[in-house]
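S.K.: For reference, the chains in residue letters:
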Amino acid sequence: RKEVEQDPGPFNVPEGATVAFNCTYSNSASQSFFWYRQDCRKEPKLLMSVYSSGNEDGRFTAQLNRASQYISLLIRDSKLSDSATYLCVVNPPRTAGNKLTFGGGTRVLVKP
Amino acid sequence: GAVVSQHPSWVICKSGTSVKIECRSLDFQATTMFWYRQFPKQSLMLMATSNEGSKATYEQGVEKDKFLINHASLTLSTLTVTSAHPEDSSFYICSAASGTGTDTQYFGPGTRLTVL
Chain W
1 RKEVEQDPGP FNVPEGATVA FNCTYSNSAS QSFFWYRQDC RKEPKLLMSV
51 YSSGNEDGRF TAQLNRASQY ISLLIRDSKL SDSATYLCVV NPPRTAGNKL
101 TFGGGTRVLV KP
Chain Y
1001 GAVVSQHPSW VICKSGTSVK IECRSLDFQA TTMFWYRQFP KQSLMLMATS
1051 NEGSKATYEQ GVEKDKFLIN HASLTLSTLT VTSAHPEDSS FYICSAASGT
1101 GTDTQYFGPG TRLTVL
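In order, the protein sequence lines correspond to chains W and Y.
The numbers in our numbering rise by one with no breaks, and the one at position 60 of the first sequence is 60.
The numbers in our numbering rise by one with no breaks, and the one at position 81 of the second sequence is 1081.
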């Protein structure tokens, strides 16, 4: 089983619609969770950290479910510029060092 | 946010040559830098972790004699791909963190290496 798993998509989303997708992680002792966004041929950019209580940043909402070991990302009122690959990133327990484990990414295509 | 640069942004080389990639933290001191590799349609895979002034820690399966990492200062780490082969063609990305206990990593823009 992969450490971090994502549905690769693509999720084809009409502009203005809502899209949500999950990411599962295998290490129950994982400490930190993030969503990164990666555009084609570019570096990943931090979209948001994911907190235990869930958090929202504008049109983006992230949730963490420790019991079921998954995190989710919801995008409301999708814009064309939201088209990208969204990477789920997990920081394993501190004993493993400050290493990030990346999921394979979920591709989102927002269409007019 | 913190800025990390990489140079060159792309490079094409002949098989058998060595290529050096630089990663710089421009506005903060990076105690730890990470080197990743990303093949097409795949996710980022950590190659090694480097701490300033000490030897890099390589991930399993990454040849340390082939991928030489030097982190001589708090703002610069270099990755040298020695005797490059076509299968080394990939997108190499570095990231930097300001402290060993800091979760946030700032990514460089990446270097696209093509080995002919």
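Hints in this document: simulated from the structure, not taken from any laboratory.
Heads up, a few of these hints could be off.
If we take Cβ atoms under 8 Å as the criterion, some of the chain W residues that face chain Y in the derived model are [what the hints assert, rightly or not]:
(1) Gly-16
(2) Leu-87
(3) Leu-100
(4) Gly-105
Estimated spans, in silico, between C-beta atoms of each pair [as the list claims (entries may be wrong)]:
(5) Pro-10(W) <-> Thr-1114(Y): 18 to 28 Å
(6) Lys-1041(Y) <-> Ser-81(W): 16 to 26 Å
(7) Pro-14(W) <-> Glu-1052(Y): 20 to 30 Å
(8) Cys-40(W) <-> His-1085(Y): 24 to 34 Å
(9) Ala-67(W) <-> Gly-1053(Y): 37 to 47 Å
(10) Glu-3(W) <-> Glu-1063(Y): 43 to 53 Å
Note that beta-carbon positions come from the ideal geometry of N, C-alpha and C, so glycine has one too.
S.K.: It remains to establish, for every hint, whether it holds in the given structure.
M.R.: Consistency of the hints with the structure:
no.	hint	verdict
1	Gly-16	violated, 28 Å
2	Leu-87	holds, 7 Å
3	Leu-100	holds, 6 Å
4	Gly-105	holds, 6 Å
5	Pro-10(W) <-> Thr-1114(Y): 18 to 28 Å	holds, 26 Å
6	Lys-1041(Y) <-> Ser-81(W): 16 to 26 Å	holds, 22 Å
7	Pro-14(W) <-> Glu-1052(Y): 20 to 30 Å	violated, 49 Å
8	Cys-40(W) <-> His-1085(Y): 24 to 34 Å	holds, 25 Å
9	Ala-67(W) <-> Gly-1053(Y): 37 to 47 Å	holds, 42 Å
10	Glu-3(W) <-> Glu-1063(Y): 43 to 53 Å	violated, 22 Å
Of the numbered hints stated above, those contradicted by the structure are hints 1, 7 and 10, listed in ascending order.
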